[in-house]
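J.: As you go down the protein sequences, you meet chains A and B in turn.
In terms of my numbering, the first sequence opens at residue 808 and continues consecutively.
In terms of my numbering, the second sequence opens at residue 32 and continues consecutively.
No wet-lab data here; the hints were simulated from the structure.
Remember, it's a predicted structure, so these values are computed and weren't measured experimentally.
Some hints here could point you the wrong way.
In silico DSSO-like links for lysine-lysine, alpha-carbon gap of 27 Å or less [what the hints assert, rightly or not]:
| # | chain 1 | residue 1 | chain 2 | residue 2 |
| --- | --- | --- | --- | --- |
| 1 | A | K839 | A | K862 |
| 2 | B | K39 | A | K884 |
| 3 | A | K862 | A | K884 |
| 4 | A | K839 | B | K83 |
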Amino acid sequence: MANPRVVISGVGFITSIGNDRATVSGSLRELKSGIERFDFLPGVELPIAVAGTIKDFDTRALHWAGWRWPAEYSITKDLLRGLPPHGLHAICAVEQVIRDARLTVADLTDEDTGLFCGSAGSPRLMRHYLNQIHESRGERIAPMAVVSTIAGTLNFNLAAHYGIRGAVAGFVSACASTTQAIGYAFDEITLGRQRRMLVVGGEDVSFESTYAFHGMRALSRNPDPARASRPFDQDRDGFVGTGGAAALLLEDAESARSRGAPIYAEMLGWGQSADGHSVASSDPDGRGLASAMRRALAAAHVAPANIGYVNAHATSTPVGDESEARALQTIFTAVGAHPPVSSTKALTGHSLSMAGIMETAFCALALTEEFIPGAANLENPDPACAGLDLPRTTLAQGPRLVLKNSSGFGGSNVCLVLRRWEP
Amino acid sequence: MITTAEAKQRAVDQLAGFPADIADCYIAFVEGGDFSRLRQVILGVLQFHLAKPPEQPLAGLPGSTRLVEDLGCDSLTMVDTLFLAESLFDIRLGDDELARVTTLDELVEHFRLHITGSTPTST
């Protein structure tokens, strides 16, 4: 029996460039940035001054009682008390997926539905709770301190809240986490273990989540929100932090069609590799990422020449972008292929573990709505990008096949191949 | 002793998002020592944390109203209430003290005794 075809049949966004599908799509087409000035530590002048902020939410308070969110979402107190800020965003993104995919909450409780997540946890809440524990000499330990802060917080909370009874797991491969989650979710369906997989990623936008990256000089010091995140530009100087949440539903195509759900894209295959090089820095020659791309293309039975768009991982760091450029040249330029390449992090900022799922969902929109997001903020392409097609503006052409790249600490590389839905 | 200025700052820091009358009653209690205000603070904080709070204010319910059986109060709700009250009033309750408290009156009285420096007896 042939493996089932796997499709993306629902998307949800709480991101710096929009909190619903239509707004996100408009931002991608118009290259509208979600990055703005941000006080990481109010009252303190810091060298990092911009972030991809989440609009219409306020999660600055340490206690959930002080949080605010759009009235269209009904969030109960017993759920809130176990959530980090990005958990609130994730619930809202999943609610969008449920509506979009024409599911009910009850549908998620069958044994054929699983949940894979990626999140680094909530360093801000963890710091708060650990301070309480230390200052009280162990007398004051908030009951939900663990489940609301550690890296599994999304899968803990979402699985319990929605009554998930299929496979549940969290992925912790840093910025490749949710791309890896999508890959393994694809496997769950093609192996016949699950009929559909909810995949969710989220990150806090906070001093504690983002600013620590300044220690390795990975953050942009450019104070101009319109120019700080500039992947592949020769003047790039680091990434801009962001967070929020994104979610999508991967599903057996027949299951989606039987329900009349929208089908955004078909996932054909994926590949992964490790650099075997450094804990924090990419292989300068991009050998690991090239290997992951090669494996993904082979698994999808797609030739490089047939890829119509590459959504790059490129975060706007000097080393990382050059490494990816080398990898892209190895896979594409070397065989005479020149697919348009862009990194949508120029608009959103870099959402760490959530980046892969957010950008995969962007690719799904590009496939179904027939456009290719331009390489925003790119003024002077790095000479290391020679031979790559980096369109400065959005292209009104629909790719048929898309490659999505992600890379994370430890040299983890994950690549996905998506195709426009062809019944 | 907590000063009025400290109380106002704690209200800003720790009661953000709670109904405004809880902060007002808290500041009034710190300023004037009126224990009816304390009752409104404790029961207001408890009401806010209840998963399914009654429509009417807890302060308007009989003092004999049972926390678990009548209000559905679970251990997490009690701990959330306890933590906030400890922070607002600079008191420390033992791990198991509230486990012996069963009604609204007993809850308020327990906090009152701690705040006044009396030793709560077994309730």
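J.: For every hint, state whether the structure bears it out.
T.: Here is how each hint holds up against the structure:
Distance check on the hinted pair: K839 of chain A and K862 of chain A sit about 14 Å apart at the alpha-carbon level, within 27 Å; holds. The hinted pair formed by K39 of chain B and K884 of chain A meets the criterion: a straight-line CA distance of about 25 Å does not exceed 27 Å. Under the criterion of a C-alpha separation no larger than 27 Å, the hint pairing K862 of chain A with K884 of chain A is consistent with the structure, at around 22 Å. Between K839 of chain A and K83 of chain B the alpha-carbon distance is near 42 Å, which puts this suggested pair outside the 27 Å criterion.
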